[in-house]
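Novice: Sequence:
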Amino acid sequence: MSRAAQHENRLEDKLLQFTKPKLLIIDELGYLPLEPDAAHLMFELVSRRYERGSVPITSNLTTSEWGNVFGDPVVATAILDRLLHHSHVVTIRGDSYRLREKRKSELLRPIHVQANAT
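Under my numbering, the very last position in the sequence shown is 118; numbers go up by exactly one each time.
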C-alpha cells in the first residue's frame, strides 16, 4: 500500500470516528483560520454528520465572518447551510467571564509604565 493510500485510510478512519457519535462538540471555531485542506475536511465532516447527530459549536465570530475562517466563502456557505438547517442559534454577548472574574478579585490592574529621560 502506498504512503498516500495509508494516509487516506487513516484520514477515513478519523472521519468515521468523528462522524459516528450522536454528539460532536466543536469549541472555539474561528480562533485560528483553517488551511484550505482543513476547511475541506471540515466540510466533509459536517456533510457526513448532516441529519445524523448534533454538532454544538462555540465561536467568538458571527456566522457572517466564517468565510474568513475557512478562507473561502463558498465552503463557509456550504458548511453553514448544513449546520443551520435544523439548528438553534444561541447568541451570548458580554465581556469575557475570565476577565470579569479577574476584575472582581482586583487581580487585573492597569500597568503604568514610567519612561525615564536619558
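Be careful, since some hints might not be right.
[What the hints assert, rightly or not] Here are the computed distance ranges between Cβ atoms for each label pair: (1) F18 - H86: 30 to 38 Å; (2) G53 - K102: 30 to 38 Å; (3) I92 - L32: 18 to 26 Å; (4) S87 - L16: 39 to 47 Å; (5) K20 - A78: 40 to 48 Å; (6) L11 - S105: 17 to 25 Å; (7) E101 - P33: 38 to 46 Å; (8) P21 - T91: 36 to 44 Å; (9) R103 - K14: 36 to 44 Å; (10) E28 - A78: 36 to 44 Å; (11) D81 - S105: 18 to 26 Å; (12) L32 - V89: 33 to 41 Å; (13) R93 - G67: 33 to 41 Å; (14) E28 - S87: 30 to 38 Å.
Hints are computed from structural coordinates only; laboratory data are not their basis.
Every residue gets a Cβ at the ideal spot worked out from N, C-alpha and C, and that includes glycine.
Novice: May I ask which of the numbered hints given earlier this structure violates, with the numbers listed in increasing order?
Specialist: Hint check: 1, 4, 5, 6, 7, 8, 10, 11, 12, 13 and 14 fail, others pass.
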